[in-house]
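Engineer: Single-letter residue listing:
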Amino acid sequence: GESVGLHLPTLSVQEGDNSIINCAYSNSASDYFIWYKQESGKGPQFIIDIRSNMDKRQGQRVTVLLNKTVKHLSLQIAATQPGDSAVYFCAENIEDTGNQFYFGTGTSLTVIP
Amino acid sequence: GAVVSQHPSRVICKSGTSVKIECRSLDFQATTMFWYRQFPKKSLMLMATSNEGSKATYEQGVEKDKFLINHASLTLSTLTVTSAHPEDSSFYICSAMLRTGRSYNEQFFGPGTRLTVL
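Here the protein sequences come in this chain order: A and B.
Following my numbering, the numbering of the first sequence begins with 1 at its first residue and continues without gaps.
Following my numbering, the numbering of the second sequence begins with 1001 at its first residue and continues without gaps.
Heads up, a few of these hints could be off.
As the list claims (entries may be wrong) - From the structure, some residues in chain A lie toward chain B, with a derived Cβ separation under 10 Å:
id : residue
1  : F46
2  : D49
3  : P82
4  : G98
5  : F101
6  : Y102
Unchecked claim - Here are the simulated DSS-like cross-link-like pairs (lysine-lysine), alpha carbons at most 25 Å apart as the crow flies:
id : chain 1 : residue 1 : chain 2 : residue 2
7  : A       : K42       : B       : K1041
8  : B       : K1020     : A       : K71
9  : B       : K1042     : A       : K42
10 : B       : K1020     : A       : K42
11 : B       : K1014     : B       : K1066
FYI, nobody ran anything at the bench for these hints, they're computed from the structure.
Glycine included, every Cβ here is placed at the ideal spot set by N, Cα and C.
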């Protein structure tokens, strides 16, 4: 599968601060990306997605940025809350080749009250 | 809506036995489901794509005779770990694809099954 990796395996932030989680991907053909949140012992939950024809997409308290030039995407969480503590994965897909998603390494986010 | 369940949530078995894990889409039909494997503090590794009414498509390096996948209906896919060994101990997660009619299709994940092989 494609190689998707994350720069930081762990991240600790103070409650109320903003969090930035990074992801690098190696396949320039990837054109669809999803950020997932996974709490301990549970399956991943969809957070936000972005297509390669966009460089920014905003959701509720979350923003995803895509830089195709350097094959990098980031997830920004505003006003981080204790409930945001989880492992975050980026996953990439090449739409024309199917619906398979390949996951990155993951970043464990810990929010300090 | 779009709920995916897995059964069992946790299973412990002896080495050499086979274990079946079920993945069900509860409120939608899924012609395609996916099976992932996750080791502690590691990422999800795609094992195979389960296609209703046809053979599963396995990722490179995944033994199809070891991990048998059957997608017998539009709401059920099963993963059977045959002749399980301790190294098969892992967290197995399935996802079901919901065809939205848009240009992309969304995947919904099950809660996972923790397999421990003694």
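Engineer: Hints broken by the structure, by number, lowest first?
Structural biologist: Hints 3, 8 not satisfied by this model.
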